[in-house]
Every structure is written in C-alpha cells, then in structure tokens.
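Given the coordinates of chain F, assemble chains A, H, D, G and U onto it according to the supplied hints.
Residue numbers (numbering that gives the first Met the number 0), protein chains in the order written: chain F, 0 to 247; chain A, 0 to 247; chain H, 0 to 247; chain D, 0 to 247; chain G, 0 to 247; chain U, 0 to 247.
There is no bait here: all hints are sound.
Because identical chains cannot be distinguished in the list, a pair is counted as satisfied if it fits within a single copy or across any two copies.
Below, a list of computed lysine-lysine pairs in the DSSO-like style, where the Cα atoms sit at most 30 Å apart: (1) K97 / K184; (2) K102 / K16; (3) K102 / K226; (4) K197 / K156; (5) K102 / K184; (6) K16 / K197; (7) K184 / K16; (8) K226 / K156; (9) K238 / K102.
Hints are computed from structural coordinates only; laboratory data are not their basis.
6 protein chains.
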Amino acid sequence: MLLHLITWLEVEAYLQKSQGMILPIGSTEQHGPTGLIGTDAICAEAIARGVGEATQAIVGPTINVGMALHHTAFPGTISLRPSTMIQLIRDYVTCLAKAGFTKFFFINGHGGNVATLKAAFAETYAHISDLNLANAQLVKCQVGNWFMCSSVYQLAKELYGDREGSHATPSEVAVTQYIYPEAIKQTPLSPEVASGHKIYGAADFRLRYQDGRMGSNPALATPEHGKQFYELAVKELSKTYLEFLNVE
Amino acid sequence: MLLHLITWLEVEAYLQKSQGMILPIGSTEQHGPTGLIGTDAICAEAIARGVGEATQAIVGPTINVGMALHHTAFPGTISLRPSTMIQLIRDYVTCLAKAGFTKFFFINGHGGNVATLKAAFAETYAHISDLNLANAQLVKCQVGNWFMCSSVYQLAKELYGDREGSHATPSEVAVTQYIYPEAIKQTPLSPEVASGHKIYGAADFRLRYQDGRMGSNPALATPEHGKQFYELAVKELSKTYLEFLNVE
Amino acid sequence: MLLHLITWLEVEAYLQKSQGMILPIGSTEQHGPTGLIGTDAICAEAIARGVGEATQAIVGPTINVGMALHHTAFPGTISLRPSTMIQLIRDYVTCLAKAGFTKFFFINGHGGNVATLKAAFAETYAHISDLNLANAQLVKCQVGNWFMCSSVYQLAKELYGDREGSHATPSEVAVTQYIYPEAIKQTPLSPEVASGHKIYGAADFRLRYQDGRMGSNPALATPEHGKQFYELAVKELSKTYLEFLNVE
Amino acid sequence: MLLHLITWLEVEAYLQKSQGMILPIGSTEQHGPTGLIGTDAICAEAIARGVGEATQAIVGPTINVGMALHHTAFPGTISLRPSTMIQLIRDYVTCLAKAGFTKFFFINGHGGNVATLKAAFAETYAHISDLNLANAQLVKCQVGNWFMCSSVYQLAKELYGDREGSHATPSEVAVTQYIYPEAIKQTPLSPEVASGHKIYGAADFRLRYQDGRMGSNPALATPEHGKQFYELAVKELSKTYLEFLNVE
Amino acid sequence: MLLHLITWLEVEAYLQKSQGMILPIGSTEQHGPTGLIGTDAICAEAIARGVGEATQAIVGPTINVGMALHHTAFPGTISLRPSTMIQLIRDYVTCLAKAGFTKFFFINGHGGNVATLKAAFAETYAHISDLNLANAQLVKCQVGNWFMCSSVYQLAKELYGDREGSHATPSEVAVTQYIYPEAIKQTPLSPEVASGHKIYGAADFRLRYQDGRMGSNPALATPEHGKQFYELAVKELSKTYLEFLNVE
Amino acid sequence: MLLHLITWLEVEAYLQKSQGMILPIGSTEQHGPTGLIGTDAICAEAIARGVGEATQAIVGPTINVGMALHHTAFPGTISLRPSTMIQLIRDYVTCLAKAGFTKFFFINGHGGNVATLKAAFAETYAHISDLNLANAQLVKCQVGNWFMCSSVYQLAKELYGDREGSHATPSEVAVTQYIYPEAIKQTPLSPEVASGHKIYGAADFRLRYQDGRMGSNPALATPEHGKQFYELAVKELSKTYLEFLNVE
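Just chain F, with the same shape it has in the complex (with noise of 0.2 Å):
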C-alpha cells in the first residue's frame, strides 16, 4: 500500500491495527559512467513497494535525495547537508508518530545516508520525548540496507566477486536494469578502477575515483541478476520489518 495512494481515512482504518511504516530512502548521486543518477532512490523505492506488499505495510514517500556529499564534484549529484536531513527526517517522523505511527523502517540505498540517518534517529527519539507525546517511548526507527542483506550480499560476491566494488556496483546496476529495462546504459569502461581510498571531501573523491566508480565493473549487471537482487531483497527485509513489528 503505497501511502502517497490512499487516503486520510484509509491511513486512518490501517493505524487500528498497524503503526508501521515503511520508508524508502535513496540518494540522487553518480554512480559512475553507466549507472543511473537515481540508482539508490530507485533500488530503495522498488524493494520498499516489494516489502509493502509482501507484509501489507504502508510505504511512505520515496526520499530521494539523500547525504552525498562526497559525490557532488560530479554533476547532477545533489545532496542534503547532514544537518538540514536530520532536520528532515526530524519533521517526518514527528508528524507521523502524533497521528499514532510509531514503527518507522527506512528501507536504504546508498551507504552514505547511515550515519547520518542513526544520528537524525537519536535527535527524533529526544524530540518526541520533549513533546511529551503519549505514543513516545514507543516510537522506534531503524534502518534496513537492502544491500546488506546477507542473501544480496552473497549472490553478490557469487556472481561478480571482486568486481562488486563499493559504489556504482553491479548488485546495484542490476536493480535498476531490472526495474528500468529502458534505460540500461553501454558506455566502455576503463579496465582499470581506483578502489581502496578512503571517502574524505568532494573534490578529493573525484581524484581519486576518475570516473565515479569504486572498485566495481558495473557492465557485468544484467536484468535478470536484477530480478534476482530484487526478490532476494524483498524477502529478507520483510522478515525483517515483520520482526522490527514485533519489538515491543
């Protein structure tokens, strides 16, 4: 159930017998020659609407622009400072949790908004308690990386081992192939790729990741292997959610 589909009277019958909600959380970012800019709110938005159906939750609007600083060298990149996302996420749970919400799963794509969205948590949690909201020790926020599941994980490492990388990786490539078979993309990639620099300023990224990828050869991704992902994905974190319903 997308939320952004129903209506005020519909979220209204569903609070009687769930305050869950899913949130899916991507970034707006290169993601080197042959990904797509909208890779992470793309992988996040499709694995949140698989989990929604899977476990009857409603999914909230798709964040799509998250914390990537570190990308911004390269255009079309846009980010959220980390204060002005917590500040965000601050507003959107708070709204929520005082209509009677008070799971909140942020399904997430991109590695770089973690920190940043455990430190927006903690800042909400204090929020809602200085409010005295009377649902407010109840309101509990987590995070679940769809490509840290161990089943993505390892189909990962079987299919491309190495050349997995950390940014612009097949995994993810993959995903978007198979969810936007039209905008699969064939640009020749360097054999060559910069790996193993830590992530410091924007500018510093660029140098040391030419061409935006980390690590990964992206042009072994196909829509099947996306397809693979995808379910794999889904079915792990709606386990997951399903169990975060249940933490009192």
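Here is chains A, H, D, G and U on its own, set in the frame of chain F:
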C-alpha cells in the same frame, strides 16, 4: 529526460546545451475522503515529466514532502517545517549551481508550498552569492503552479464552477485519476462542505474542515478531465519554462 | 494604544477585554532615487497606529527590518534572511501567546515580507502547539497589506494609472510625504523606468532596476494623496482587524 | 540623519565621507507598574538620534525587541531568544558591511542585551571574515550603553541614591517622561521593593520581583531630570562615537 | 605533545613539519553499576596521549561530551544532540584548518559517537570547501575507535568471551582501572544482564538495560588487563595515524 | 568528586543530598609566547576540582573549548562560534536538569566566555521552561570567574601592578606553572607590549597584539604565586558556590 534515469556523463553533456532543470514539488497530505495523500506530488511529477519531454529538459527528483503543517491533524500527512524546507531547497540548488545549472523551474502541485519556496529562493540567492560562485548572478529560481495555469483554471471553472473549491479539488483529483486509474476512490461525500475559512494551525484547520475538503466536490472528477488538465498544464508550463530559459 | 507607551499592568487589564495585537512590519530598503529607505516601515507604522486608535487595539513595536535581500545591492538596505525572520516572528508570537494574546494582525508595508511571514506563521503555529499552551489552538496570525486594500489600490490606479508601478510607488511615497513632509526628496528621475522583470537575486535586481524603481513614477506623489491613502487604509484595515477578532 | 528618512543615493554619498552607522537597540519589556514597556527602546532611540545629529552620523532603524527572556512572565514583554538575536545582528551588519559600512555603534537601552550583543559581534566578525569581503578586517562593532555613561551614572546617584535601583530606574523613566510627557503614568508603588536577587529564568524573576521593579523608585523621576540625562548621554556618547570612528 | 601544554609559537613550528592533530573524543555517560561515567573520555584521552607520544603528534583537548542521548535516562549522563555535535566538530576543524592543519585523527572511546562524527565530517568538508581555504582539498578527518582495534578486540575475546558485551565492557573498565586505580568500584552485579536489544530512545534503553550494562560482565576487568589493552591500542592506532598522515 | 570518576548509582545517591554541579569551562587559545594554549582550561579545571573537594560537590567534565574567535588568527586556537556554544550549554544543562540537577556553577577561566555563557543561560532557562520539567523553575546557572575573585585580583595587583595586563597574565600563567611545573616555558619577551585596544575580529586582534599578550608580563609568574592564586580562588569560589546552593 529524468535525472534519475541518466548518468553523470549525460548530465555533463546536457550542461553544454542547457543550464535549466525542472524540479517537481508536491506534498504528502490529506486530500479529503477520496483524494489521494500523494495528490500534489503525483500531479507535479506527471506534469513535470510532460514538460520535460516537451522541452528536452532534465527533470529532477520529485520533492514529495513539502509544507503542509496545517494538514497535520489528519493522519498520513507529512510536512517539513518551513525552516527545514528552506535549507532543503538551499541544498538542492547549491549543489546543482556548483555543477553549472542556473535555471531552476519548480513545478509545484501545492499552494501551501509557495510562500516557503519564495522564502527559500531568497535565502538561496544570498547564500550562493556569498559562495562567490562564478555563475552566482545567473542563478534563478521560478515556481510554476500547474493549478494556476490560466488554461487549467478556466477549464476547472467550466467543468466544476464553484465546486472546484480550493483543496481536494476535482481538478487535481482528476489528474490523479488519469495517472493512477487503479487508485480511484469511491466514498460518499457529505453534500455540505466547509469553505471560506482562513488557514491557521493544524487543529483549527481540522475543526473547520472536518473531512479535509475546502469547498470542493471531488466526486465530479473523471480520468478524462484529468487528461485534459494534464495536457493544458504541460502545454502552458512548457511555454513558461522556455521563456524562463531565455531570461538572461 | 502603543504597547511601548503603556505598562504591563495596562496590558494585563487589556487582556481581560481583548486578546488581539497589531504588529506593524516594514522594511529598510532602497525605494528609488526619491523614496525613503524607511518607506515601508513608515507606512506600516503610521497606518497601524491609525488602526489601533480606531479599534482600541494595542499596537506593538514596529518590525523595521524585514525580508529585502533582493534590494541589498543598493546601499542602506538591511535585510533579515528568511530563516532569521521566521525565528523572529516565532519568538514574538510565542512570548505574547504565553501572556494570553491570540490574534496577531501584522500590518505590512512590504510585498517582499509576505512569503516569509506566511512561512513564519506556519512554523509558529506548529511550535506553539508543541508547547502545549492552553490557548494554542486559538492562536491566529494574519497579514494586512495596506497597499493591497481595495480602496487604496483603486485610488492609486485613478491617480497614477500605470505609473503606480510595483516598487517605490507614488502611493507609498505619498504616504511618507504625508507623515514626514520635512523629508520630501526632489531629484530628477529618468523618464524611462524598467518594469516587468521578475525578482531573483540582489545583483540581478540592481542590473535590471538600475535606479531602484520598478515601473513607478514617484514624482506624482503629493502629501495630500498620502493623507487619502492613509485614511483609506486605516478604514479598511480597521474593518479587517475587527473581523479577525471575531473569528472564533 | 535617520536612515529611514534618506534615500539610497544619500547613503551612497554619505559613504564617501564616513563608514559609520549608529544603531539604537532597546527592548520591549515590563518596567514596573509605572514604567513604559518601550522604555529601553524609547531611550535608546532618542539618544541615538541626538548623537546622530551631534556627529552627522546616520542613525539606523531602532531594534525594538531585544533579549528580555527573564521579563517574559509579565504580559507585554517580547523577547528574542539569544540565538535569534545573534542571527539578526549578523544579518544587519553583513548587509551594511557589504555596502561599505565598517563601524557599527549600537546605542543600547537595556542591560540584558549586552551579553548577547557581544556574542553576536564575535559571530559576525567570523562570518564576515569567511565571506572574504574586501573590508572584512575593518568591520568593528561597539556597544554604547547610555545608562552606563559616567555622567549619567553620577547624576542618577546624586538625584536618587540607592533608589536608582537596577530596573525600572527613575533615570530611564525620567528620559521617557521627557520624550513622551503625555505618557507619564501615576500608580501607587509599594514602598518596599525587592532587590539584590540574581537573574535566572522568567518565572523565578517574577517570583522575586513581584511588581517588576528591581530596587528602584521610579516615582522620583521627572521630565526635567529626563532632559538632563538625555543631554548628558548624548554628549558623552557623541564623544565615544567619534573616537570609535577614529579607530583604524 | 599536548596542545594544552604548548604555546602558539610551538604550534607554528610544529606546522612546519606536520599538519596532523589527534583529537580524543569520549562521552559522559553511565557505564553500568561499576563503570565510571567518564569511561569513554578517560580511555580516549589516555590512548590518544599514548599515540601522541609515539608519533610526535599534537594531541588536542579531549571532547568530553559526545552523542549519548540514549543513555540520558540514567543520571549523570550528558549528551550533545547530533545537530549540536556537528556544529562543534565543524567549528574545531575549521579553526584548525585555517591555521594550517589538514589531518584530523579522532581517537574515539564511544561507539555512539561514530555516526554523528561521520555526518559531521561530511558537513565540515563541504563547509571548508565553501570557505575557499587554500588547503581545503587536503583537509581529511578520520575516526580511530580504540575498542575496534583488531588486537584489542582479539584480547577482549580471549579474556572475556561473550562477557565482553557491548557497553560497560570489561575491556573499557579495565583501561579506566589502569589509568585511575584509585577509582575502582566494587558493587555486586546481577548475574543476568540484558543483551541483544537494539538501541532506540532513552526511556526505552533504560527499560531494556536496567542497570545500564549491555551484555557485559565488567567484574572481570583488572588494571593489568587495562594496561594490555592500552598498549595494544596505542600501538595499533599509532600505526593507523602514521598511515593517515601519509595519505596525500 | 569528579563526575568522570563515579558511577550513575553514585550520582543517584548524590542527588538525594544535593542538586548542584560544578562545571569547569576554559578555552583553547593562544596565551602569548610563553603561555600555554590550555591556560584557561587548566586553571578552571584545577580550581573547580579544588572547590569540588572543599564543598563535596560533583565536578563535571571540563569544557575545554569556549568562545575564542578573536584569538583564531594565532595557530593552535580552537573556538566555538557563540551560536554553537549556546546549543552546547543548553544540551548539557537540559540533560542534567532532567536527571534532577538544578544548580549549575560554571567555574570559568576565560573572560571571552562570559557573554556567550550569559546568553546561553537565558536561552536554556526558556528552553527548560518550554519542556515543562517539574523542576524547571528551580534551574539556575551561575558563572564564577576565578580571575575576578576579589582576593585573586588584589594579589595580582600587589604582585604585578600594571604588568598583570588582561590576557596571558602572570596570574593565570602562574597557576598553570603550579599545576604543570614541567611545562614552564622560557622565551624572551619584548619589553613593550600592546594594550588598551578594544577587541574586534581575529585579524584585527593579531594586528594589534602581535605576540598575543595584552599588556601583560607573564615572565613575572612563578609556581609559588600560582599556588597562592589557586588557594585564594578555591576558597572564594567555594564560598560562592555554597551561597549559590542556598538560593531557593
């Protein structure tokens, strides 16, 4: 061209020809007993994509959550505080301006966003000027409210007269029916509907507008109307966007 | 009754009878070669005081500096950033709401303030609601733009036609001449005056509107006109204020 | 010369000769049973205008609301939070520094403003330095508290001795009586008046200082005293301002 | 070399040879019935000083209070909100980067700091880039968690197995016993200790982890163990720091 | 009793008897050619610990970095912006007030902190009042500047006369020599030392005070003097703290 479905190399090439970007902005808020919570985002996104196709412009990711604090007493509504939204807009525009974009056309689906957007533009111009970007003086933002297009407005008056109202309107509901025919809602609506009250805080709003509508009869909407509105809006906003590109 | 000229005991007594306050808000910004930098504050303050007398309302201190970032390329202009102004309005209204005031009528002299004021009102309602004040739901803010009064608008059209323009207008200059006849400025104005450009950043604004006027001929202003505008605005806004007080 | 009563052309001409501006800052706060809520703003504004005349300096718009959180348990008081006031001062000074002003002399009527003003100055210097303004290093702010002028202090001691107190003092009340003789208040004052308690939060303040006075007997004030205080303050602060202008 | 025990002339000389600084960051939070509230700061500070000696690096002042909001239901805990901590880190690094430092190695004693530190680094890089500092691109921050050193982790597993737990661990308690033998606490600990619950808000945390420990048995700690952990951490982090200095 | 060396159970027990806490606050800033960068933090921490012992009070963690923006043109200086420091103080006091502490005595080693501390206290009282804490009205903060103790001031005048100066003073240097005799610096000081200039921005400060001293001759300091200053300050501030505890 959707920013999310292209690569940074394609953005780089695009910037040689154009420095414009279209950014859809909606809201996640109650739209009466039959209107979808995503109504404003759905309309803005669909029309923005139409304008993007008509004008060969890049369409950025949809801003799904805007300024809807006055609707937050209805469950399912999510809102940014204006101060958060100002930072968000500042972050988006700053990232893109550093990459070379200078014309930001926000196709907007929610009247409640306008004031905060304008405030955000002013804050953003000043910020970008302080950064001493080479193209600072060229950065320009503009809002295009699809529901304020004169052709749209006129059709709405013809089709619905006074029953257009000002929130959960048949015109916006019609567009969502055109885009998502599978999500058309049928619920009896009370024949009387509140109208004419000014908007203050959320609790007051719900007291005045008990089912969420403001003077509207969304039961008059049809998907065919929606198609007409969509096409009028795309045509009119495409013209506006091209004029905006031509502003020196 | 000016808040500045009464005591807290008088405020306490007033609150037994009324919970309304009038707050003049202007701007400190260039108004063309002959318009005073304080034009917007002068007009708002004078008219607010007239309304206060006519309606027995307390008139708070004038907010002399508003949102005028687009005028800051002309010396003498002072502006708050919108994010600062939102906090300022929040602080004013919160203090007064805690004391028992619930109706805040901002008599405004500057079009550029409107968007930020509306954003600030939304932020403020949400903040006050979070504070759990007993009267939170009753707190209401409204803007009254004296230059948008229908009687004022009509007279300006009669007297000046197109030469009213939209900044450094003869109508606002006339009001300042009525209030401060000793500060009437005489400088030759170029017969041509720019108009029709949208407002973006400060540098762009100065480039478009080189002497600061927007389509206006302030040389048409007279103190007698000013008196007429003043009286019309006071009459119309007094009516608006009393209606506002009656909103439940 | 009042900034509000001149044009931007006059400011431009002034900047050729001087880069100094006087900014009156007051407060909107209770001043005991007979003191005006605007006392601090009235005194600061009047004296600043006197200094402006004496020194040919531009006097900016009065900052009517300052840092008076500890008075907010008395109705009619309005206060900025310190964090808001810091942003406000930063915005004022930044706008004016960009236009060429470098010496900002705040004539202050409220002891409670001093700490936040000093904090704001530090924040502002750092901000302006970060903007790389050509004149960044020259920007200097200074507070001139009229009530701390040695001549004023001495006269207050002579006239009132211990009954000067430290809030709602006869000296400040006298100045308001001189400026606004029509607003002299007569209310019996209890002969005992609290004094010597430190200032903490608003509720505590009201508990300690039940009628708002701090050790003062404002019944001793006369308009004639007010004229004396006014003249002493203008003379002494004019000298201070001229010295400040001479700091390299 | 402790920054606090040298002069600015010595810093100036140091900067000729190295641009690195070590910054210890801890927390002020409950550590179970026998763990010191300063545990994380004590460990970070001691180990940082050891690393400073081993590598001839300047060690900055200890950040004693970090992100510990989830511990705030236990008395004695002090926490920054993540949004405050981001500004704090930004301020520290900006000051030092302006002076010429470029490598900031945060030796961290608290897992709860990591997310916010990473968010802060991203915010800081972007800020410093906006300032146009000559060395902006060289500025790099890195976290070294002493408790995550592989040698430390291995010893803890050897000594304590599962009883290491994840908060108020015997390993960190041991280090504090080594540093402050005079502050070893003896209190009977319940043999059962909660573990495995995820961390949400403060009230929830206290409910789950009633004495503050998370799966640990700090009674196993000895000062001798502490010395071993200290030495392993110093050795391993010294190596990491030197490698970090060598990153171009 | 140092907060860092006790457990939360000990804090809980302490709160039964006392609700006071001592918080040392220093600065990390240049102190002339021979003064330690940590001077202000070292003095505040040592004296706070002395007061804690004398009064059986808990001493919280030292705030090592304060408001020293004007010293940032000298390498090694670290400063919070005032707006950051206000949030930091707010966070500290709010956490502790929720746990039951109500009297916060900041033993301060740096004149430059005072204004921001006072601003922060005002902001904090208002914040805590908004949280509706049961003990909100009892929360009180006070600054004790050790260098302003009358006994300290008097001894400094006796020992050093005019050569005490106002920054990098022999008295504060003496205290650091007493605490850290191993870190006594010997560098020839120019006999002439600037004095009397007001403090504005950092670049201006360095221009005026080229070696960092303000009118002082720290070469007069001895560890024996330091011991005397320390003992006087501990004695006087212990008395002040106990009086503060007794304020209702």
